Amino acid sequence: MERSMAFESDLNLKATELRLGLPGSDEPEKPSTTPSVRSNKRASPEISEESRSKGSSCVSSKVESGERDSAPPAKEQVVGWPPIRSYRKNCLRAKKNDQVDGAGMYVKVSVDGAPYLRKIDLKVYKSYPELLETLENMFKLTIGEYSEKEGYNGSDFAPTYEDKDGDWMLVGDVPWDMFISSCKRLRIMKGSEARGLSC
Amino acid sequence: MKIICFHEKSFTILNTETEFRVFTLMGPNPKMKREFPDSTRSSPFPDEVLERVLSLLQSPKDRSAVSLVCKDWYNAESWSRTHVFIGNCYSVSPEIVARRFPIIKSVTLKGKPRFSDFNLVPENWGADVHPWLVVFATKYPFLEELRLKRMVVSDESLEFLAVNFPNFKVLSLFSCDGFSTDGLAAIATHCKSLTQLDIQENGIEDKSGGWLSCFPENFTSLEVLNFANLNTDVNFDALEKLVSRCKSLKVLKVNKSVSLENLQRLLVCAPRLTELGTGSFMPELTGRQYAELETAFNQCKNLNTLSGLWEATALYLPVLYPICSSLTFLNLSYTFLQSLELASLLRQCPRLRRLWVLDTVGDKGLEAVGSNCPLLEELRVFPADPFDEEIIHGVTEAGLVAVSYGCRRLHYVLYFCRQMTNAAVATIVQNCPDFTHFRLCIMNPGQPDYLTNEPMDEAFGAVVRTCTKLQRLSVSGLLTDLTFKYIGQYAKNLETLSVAFAGSSDRGMQCVLEGCTKLRKLEIRDCPFGNVALLSGLEKYESMRSLWMSACNVTMNGCRLLAREMPRLNVEVMKEDGSDDSQADKVYVYRSVAGPRRDAPPCVLTLSGL
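Protein sequences appear in the order of chains A and B. Those letters in the first sequence? Residues 1 to 199, by the numbering used here. Those letters in the second sequence? Residues 1 to 610, by the numbering used here.
Chain B with its partners taken away, still in its complex shape (with noise of 0.2 Å):
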């Protein structure tokens, strides 16, 4: 079955298995009002009819319009639906969620504010999963999926997770802590259904590799394995069975303590891999072992993604040659690459449409991205030695100017540079209209323009302008409110936005809660932001998913007063040792339909409008 039509309240859709039939369903409007004024049904189709067109509808987005046409749909909608997305564990309630989904197979949750990767987040913050654990082991016993983001999870979550859930198949863990490898044992013990494991970059107590032993020898499901992140050894002959006896395995990602003589075995046993994480790639191989790698390599016929390679250099790269023609997505950010390696390795990938690499490359590596990769997408640009300021090293805007003349359909940037210029970012733009996600990162806070000492401002208007579809946005470098200015004025489909360290006054924070209709993630720290900007977006705050805000110049009294004027949204504040008591040092503000969260620690004060 396929939707073709989507309209207001209506939807038509094409039949493609039986001939051609046409459906069209009407919800209620005011012309069949008229025609029909003694119908008492709203739709004149079967609630069964209406919610298998639902369940067609995949966009949590879709999802939430569809719902709010009328009673009815909303009905037929919260039966139909079976995953949904929590974007902020707070703002909702598990009972709540429970009540309105009846029949839920997949959950993504998250949690803490994104600043809590960069230790912004008092460390017992919340965003603990359990909760909502106990009310799924009763609602959803046959919950199959979960995938969790900053959330605290513990390992008797974990062992709660693997033994209440018999039909457990996902598990995704993203920068989620609380947890240690004895967790990851609980659930390869209990998990007999498990398809998906995947933990990444997570504060986790490594303890031991044995959990990896705890699969069942006739455990033989899995399709995805992730561990890339975890340091200790796993017992490589379990890894080796387990890779072999899981035929439908299609993502492998391993951690440094397999070797790269270990690798060869796992490819011999996995060539169906679509996506590969290598573990150490030091060079310790006999020419023998490397002529074996090399095979292994070549029968791997499916590989589009590579990741890990720590510790590769130029002499061992070549063995991946084979695959390279057909990777979409190499992630070399672990790699201390230099430039002509770089460049070697990526003229063999014409077909890379995602790249991830450490700054080591330099602008020179960069224009080797330019010159070989014109399919590319998505660049990322780390840095690999961010607080060493005596060395000077990484990219400057060259680099970047560089992919954007070779990369026409570049539309996600990751870059963190040392310096830049508002020309280079007018000729980025220029030439790469379409970007969805600019990020850029000048890594020393309030840095102007290094050519004519200027504020950035320009370099960020022209992103804004030119890029229409411009969906997140992080700007940095030296920035008047005449950067918020342009943002509001023009970034009309922006929904994320990440400011440190810039604007002048609160004007620049009100032009943005003005002009950004679709924002929902706003996020601040180090800003002359205070009160008056705040408040200023009373209105807005209800209809964006959070707002963050440290060390600016909002008092408590503001947040009181954001707090007294909008009952529905929780204002949270953390205090500081030893800061003013006057002060609100991080405030953090969302919609809820839960109120006041009960479980805040005693440095997070939740202001209620009561």
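Chain A extracted, bound-state conformation (with noise of 0.2 Å):
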């Protein structure tokens, strides 16, 4: 997993810090307290958008929430920046948390036992098997063949999703184009809890 390369005015720890990753592929990591980098700026920004009395035309009626919805609760996000108007802003916000949308649709993964998560675009693949595939080349291992009565019998692996209500499905039960647009994270089961699944 890459480092960012976090901005640091003063001290040059992140310069000289080992990461992997090549030169200028890394994902520049948003200021984590006050967004000034400058010591004579002032107070730390507002998190919370203005509320609008009128609701905005857009998509999702719970917008209002802004920024809130799915920022990291960790990170404080500047009012008004990016610039980007309410319209747009409030129509990404809608598409993401809708996760039904044309392309572009990163899921978390998550291997039991390994040190830490990818990520995919599960727009890339059209079918189970590809996706299977391109698991086993990630994490080295082999999940084997889906099966409805028995799921993934015969390995130690099995690969299960948390869908849109929050519960954990196996892989492959549902048609691809359901399974695109229910999936929110995937976890590769490992070991008896995986074999249970399969019974």
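No wet-lab data here; the hints were simulated from the structure. There could be a bad hint or two in this list.
Straight-line distance between alpha carbons at most 25 Å, and here's what the computed DSS-like set of lysine-lysine pairs gives [said to hold, decoys possible]:
no., chain 1, residue 1, chain 2, residue 2
1, A, LYS126, B, LYS364
2, A, LYS123, B, LYS364
3, B, LYS192, B, LYS149
4, A, LYS108, A, LYS119
5, B, LYS492, B, LYS61
6, A, LYS184, A, LYS123
7, B, LYS364, A, LYS119
8, B, LYS469, B, LYS521
9, A, LYS126, A, LYS184
Nothing here was measured: the structure is a model prediction, and the numbers come from that model.
Once you've looked at the hints, go ahead and assemble the two chains, each given alone in its own frame, into the complex.
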């Protein structure tokens, strides 16, 4: 996993830090406290978006909580930054929440026993075999063949996913399109837990 | 009639209809005064002729210049002006406008500071259109066109508008708020001569799509209909009938509630459209329906602008191919396309001049832009996921560089990215020196050149040095005062500058105020500019439309001093809860002939020089 190269103006620790990945391929990290990087800046920004008394015209009617919906709680978000109009912001957020769209559906993949998670774009795959093959290659493991009755028999690993309702399901049971639209994250279970699923 | 030469106080008109009679009108000039010392008239021509001539002038800037020549010309210009553009609704009052311009048919009015689009302006700040409408109802009862941007518009105002202006034709609301679809219903119901209804990106309460059904059955004058940003379902039957009977309809942008199947029916009714915004592009058609849609697109020979395309996937994009070759403006900014999908589409669009995309297309997608669209003049790349830091995606400097190699005519760019280098920007402007609008948003505030770790000063230095026609600039990334020194030194045509999380000291802002002679709008947030910087612009602000400074180091005392020294400026301070009493959290300064405004809410302090 690549460590983000955080921007620090005063200490140079980050510049000498060992990290994986090619130079320039790092995701710049948003400052974790105030967005200002200059010492003469003042108070930290507000977190909450101004709420409007009237709703905004976008699909998700719960949109007014704005950035707080999907922002990880640890990071503060700067009001009005990046400078994108509310309408567009709300549409993109609605899209993300729905997780049903034309492209770019990234979900986290965890493997029991692995030190870190990966992320893959489900939209890139057209079928279960393609997806499973990728997972096998990514994590260097064998998942085996799917069967309706027995799940992934004959393997130590079972691919599962968390669906929209928060339940953990076995990958492969539902049609691909339905899977794509309901999968929120993947977990490859290992060992006895996995074998338990195939009974 | 055609004006072919306008120089200072005279112009020459070529009347192309009747042989070639050349008229020369001379305004008062010292030479004439010497030759005709007894002349009491400053112009030898009757007012009617002068008015006739001046009525040919369209540009507000030309008209302003003309009105300054002398009293006669001022009057003639006032009487011949039919369109008034008011860039800041508080710079003047409706009464003053009506006094000066007796015959106005068209008004463009802008209200809140631009940063209100990003939630930096309090909800109840102002910019209510109603007082304007009340005056217009008396003074301009034959008003035909109203275009509003960042104004507060209530349903009552819309109803008032609909009912009081019998000739009303054009309504355009952009980034406004305060109304609901009920207001639109009033417009549809009462405006018998409506030709344009354009509702874009507003904070609207979307109650229902029933407003569309309010157009009477004998209503046929619509030419432009844009309700793409509304979400509630409209009655498709009503829409189809409306489109069928409005034979002059040229622009139709529908919302997501209109399915592909229904889009086909609309296209069949209106093959003469020049601009189309599709509804949902979800791939849900049968084979036959797909073929019908393709045929329908084939019939639209005049389409040059395409937008909408929500949920479009690669599967159905080919249905657009028949119209792609004539497209000049393609707005894919709500379509999550990958690079290959975009490339396939762009291969069909060689005439493209304007392209808006999401950054899901990546650098590879932008390479395709460079390869396929040599006529491109404008590119906007929006972020699909501006707040998610975990995913490495979007576009980098490589994408824009690729575009610059292929699209040498590029003069407008809005680019959201997560990394940039000085060298890349230098290359970009070297390839495309004609930029008039350069808006670069490196999304992480204060981020340096990711390769060299240096500030991005040289990038913007290259921009202002190379692009002599630059009118609008938005800067980002880690920037020291050097950037602003460059801007002040080179950006002599700059009119609008947006700055965020940049600069090192007051000197930065001072350089801009001193050097940018044509500056009209300056908006600054989260920069270390304080009172010294603010006050260095004392002489300048009256020649500007406005100044915005938020989360900087300006204090109340600094603002009070400014207000005292410059009584014709309105200095407004917005305080935030819990902030230090002496800090001026948000400052908005603008020139006004209407004096301090009287409708400011409690959170807006109007500092007066008195």
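Going down the list of hints, with the structure as the test:
The suggested pairing of A:LYS126 with B:LYS364 holds, with an alpha-carbon distance near 21 Å, which does not exceed 25 Å. This hinted pair checks out: A:LYS123 and B:LYS364 have alpha carbons roughly 17 Å apart, not beyond 25 Å. In summary, the hint linking B:LYS192 to B:LYS149 is supported, as the alpha carbons are separated by about 24 Å, within the 25 Å threshold. As the CA atoms of A:LYS108 and A:LYS119 are separated by approximately 4 Å, the hinted pair is consistent with the 25 Å bound.
For the suggested pair B:LYS492 and B:LYS61, the alpha carbons sit about 18 Å apart, so the restraint of at most 25 Å is met. A hinted pair counts as satisfied when its Cα atoms are at most 25 Å apart, and A:LYS184 with A:LYS123 qualifies at roughly 13 Å. Proximity of B:LYS364 to A:LYS119 is assessed by CA-CA distance (about 21 Å); at most 25 Å being required, the pair is judged to hold. Only pairs whose Cα atoms come within 25 Å are accepted, and B:LYS469 paired with B:LYS521 is accepted, the gap being roughly 17 Å.
This hinted pair checks out: A:LYS126 and A:LYS184 have alpha carbons roughly 17 Å apart, not beyond 25 Å.
Checked against the numbered hints given earlier, this structure breaks none of them.
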